[in-house]
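So the protein lines, in turn, are chains A and B. Using the working numbering, the letters of the first sequence correspond one by one to residues 1 to 432. Using the working numbering, the letters of the second sequence correspond one by one to residues 1 to 271.
Rather than coming from a laboratory, the hints here were simulated on the basis of the structure. For clarity, every value in this text was computed on a predicted model and none was experimentally measured. Don't be surprised by glycine CBs; every beta carbon is placed ideally from N, CA and C. Check each hint, because a few of them may be wrong.
With a cut-off of at most 35 Å between alpha-carbon atoms, the simulated DSBU-like pairs for lysine-lysine come out as follows [stated by the list, open to error]: (1) Lys239(B) x Lys261(A); (2) Lys232(B) x Lys196(A); (3) Lys94(A) x Lys362(A); (4) Lys232(A) x Lys157(B).
Sample of chain A residues lacking proximity to chain B, with all beta carbon distances greater than 12 Å (derived) [as the list claims (entries may be wrong)]: (5) Gly29; (6) Ser341; (7) Asp360; (8) Leu377.
Here's the letter readout for the chains.
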Amino acid sequence: MAAIEKYDLIVVGAGPAGSAAALVAARAGLKVIIFERGEFPGSKNMFGGVLFGHEINELIPNYWETAPVERALIEERYFLVSGNSATTIAMRTKDFAEPPYNGFSVLRARFDKWFADQAVEAGALLVCETLVESLIMDHGKCVGVKTGRADGDVYADCVIVAEGANSLLTRDAGIHAEWKTNEVGVGVKELIKMPKDVLENRFNLTGQEGVSMRILGLTKGMTGGVFLYTNKETVSLGFVAMIEDLAARGFKPNDLMEEIKSNPMIAPFIEGGSTVEYTAHMVPEQGYKSVPRLVHDGLLIAGDAAMISNLLTGEGANLAVTTGRLAGEAVVAAKAAGDYSALGLYSYQNALDASYVMKDLKQFKGFAGYLHGNPDLMDLYPQLANEFLKGLLTADGTPRGAKAKALLAEVKKKKSLFGIAKDLWRGWRVIK
Amino acid sequence: MRLVVCLKQVPDASEVKIDPIKGTMVRAGVPSIANPYDMHALEEALRLKDKYGARVSILTMGPPQATDVIKRAVSLGADDGVLLSDRAFAGSDTLATSYILAQAIRKMGEEEPVDVVLCGKMAIDGDTAQVGPGIGSRLDCAVTTYVVGVRSLDKDKKTLVVERRLERGVEVVEADMPVLLTVNKEANEIRYAALPALIESIKYEVPVWTAGDVQLDLAQCGLKGSPTQVKKIFPPPQKDIETVMVTDTISDPAQIAKLLVDKIEEAGMLA
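Bound-form chain A, shown alone (with noise of 0.2 Å):
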């Protein structure tokens, strides 16, 4: 068998960084291989199932209707619960129903298998069931990827790393340490499948409506949060929490995952329903402050494998679409001016800077330290709302003045006032 020729550019991962970068890369008519070591692209992988579709839309244009989404998000909703109470803000329009759309819900299993098709389609290889196993470094440049087949050496002017949030070859490669456990967490979903008509009686939605909800009071006061979408024929279910926050409470992410299925305010969401999928998954959790280096000689890093995530906003698959298309740029770029030094690729970094991932990145960088450091966001404040509305709207003869006076009471015996004013104002300067 001849040996392997040599590539313009080799991705690592078929995720939506990975295919994003490659379907710009082949586009531009570079020789582009992708390695995937799940079975299929998206075997492998898991994510809020909430895609933002802007960053498609630029890419593939009305990619609605060729893509396999579930459904267009018209609802927002935060849910914050304790007991056998919920709170729910909720901001829902008919715009997001009509194109292009603001998101939809999707399974990852299909759509990042659609996504890497659209690379495959401009011209990419894509190389599934192969692990990429190591960075081969010439003189500090990377050259290429060692796979875990036999004569698996492959060679290219640059490397894209794209394989996620346990990202072990920017490790080994000395670019960033082992993450600490709390710049990641832990991520656990489960697909629970119910007839259509009932999901879409349950959430009162039409056609192809959807909702997401983020749950708020469910974590025991770790960082993270419950989320719950829909899909056309199932409900995604989950929870993500900081690693250190579990591994200090001693809880099993399993335990919990039950005990969110069956809370008294969740419970109704799934009845009836069967669980077709269980997945868990790292993710990136602390932002801006965990992004290492992302442009080296012959090398990029996009998507969760450079941390990059918005806690605050829920947005991670865009965000990686966008890196990884700005990646592909770069690398475009790069092979047209001859240079694939830091130097030749480092458009990358300045675009990357110049847009909204960077600049909300940078804006929000407080934010996972914020939650972290005020575990009473996760839990008791959902519990004070639920009290305090629930006994104003409780009709039992006394004046609604004298008792909004004995709730507030309540709430001080739990939360001081100043202290609820130190938490907004904290919370006010970390995102503003």
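Chain A is already provided as a structure; the job is to place chain B on it using the hints.
Chain B alone, transformed into the frame defined by chain A:
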């Protein structure tokens, strides 16, 4: 030397469920795989290629997406393959299938004579084990079934010696080539593809033959050529089995055996 491996794409049996009411297989959403027995036949062919030098060709009959299993075979070291795909083949039973495959092998032989045809012992979706011997008898060549290994092969004398696993032991058989072997799982362990071959297999464009490409009497193909009729498929009835936990702490094998026999007798399972 030319080897042909018959490779079938089947639903992954570990994920197939039986519809309890209709009694049919629920195939929707079930991933397709290469029939495991056929993969062991392929591995046996590749070992002969490694040892004696040969061209290994794959023959598959099925829908267009069945090219996947041919590509997989090429990634492991097969030289080429062909997919037989035509609506006229749909609904073929073992009689019609073995006819179509035998005719295709004859055509492959026109280009370069075929010395050994290798099939899996059976396919995991039908479990009949009829197609392999059916092809052999139509080609009028020697047939050895349940092969667990090829001991030796003589290219000059055109003979090979195989081991057959039978109920009472292993039978060693010498056969003249051309010969058809059906291969059992114990024969070998399937290799892991090297990267260069895997990349070649992804790029490999599988030739597709339709009914018109092979000399065929269409009356012997598809539903028309299939006298077998499946009247009903049903899962074996589930018996209510009572589990008995024996907690006695005895270590003498004779006593354990006696205790088990007593329990079985008690349960009324001995006539």
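Hint-by-hint comparison with the structure:
1. At roughly 34 Å between alpha-carbon atoms, Lys239(B) and Lys261(A) fall within 35 Å of each other, so this suggested pair holds.
2. In summary, the hint linking Lys232(B) to Lys196(A) is supported, as the alpha carbons are separated by about 32 Å, within the 35 Å threshold.
3. Restraint check: the Cα-Cα separation between Lys94(A) and Lys362(A) comes to about 32 Å, which is no more than 35 Å; the hinted pair holds.
4. Under the criterion of a C-alpha separation no larger than 35 Å, the hint pairing Lys232(A) with Lys157(B) is inconsistent with the structure, at around 64 Å.
5. Against the 12 Å criterion, Gly29(A) stays outside the reach of chain B, whose nearest CB is about 18 Å from its own CB.
6. Distance check for Ser341(A) against chain B: the nearest CB is about 27 Å away, which clears 12 Å, and the non-interface claim stands.
7. Consistency note on Asp360(A): stated as away from chain B, and its beta-carbon is indeed over 12 Å from all of that chain's, at 38 Å minimum.
8. Remark: the non-interface label on Leu377(A) is consistent with the geometry, its nearest Cβ contact in chain B lying 41 Å away (cut-off 12 Å).
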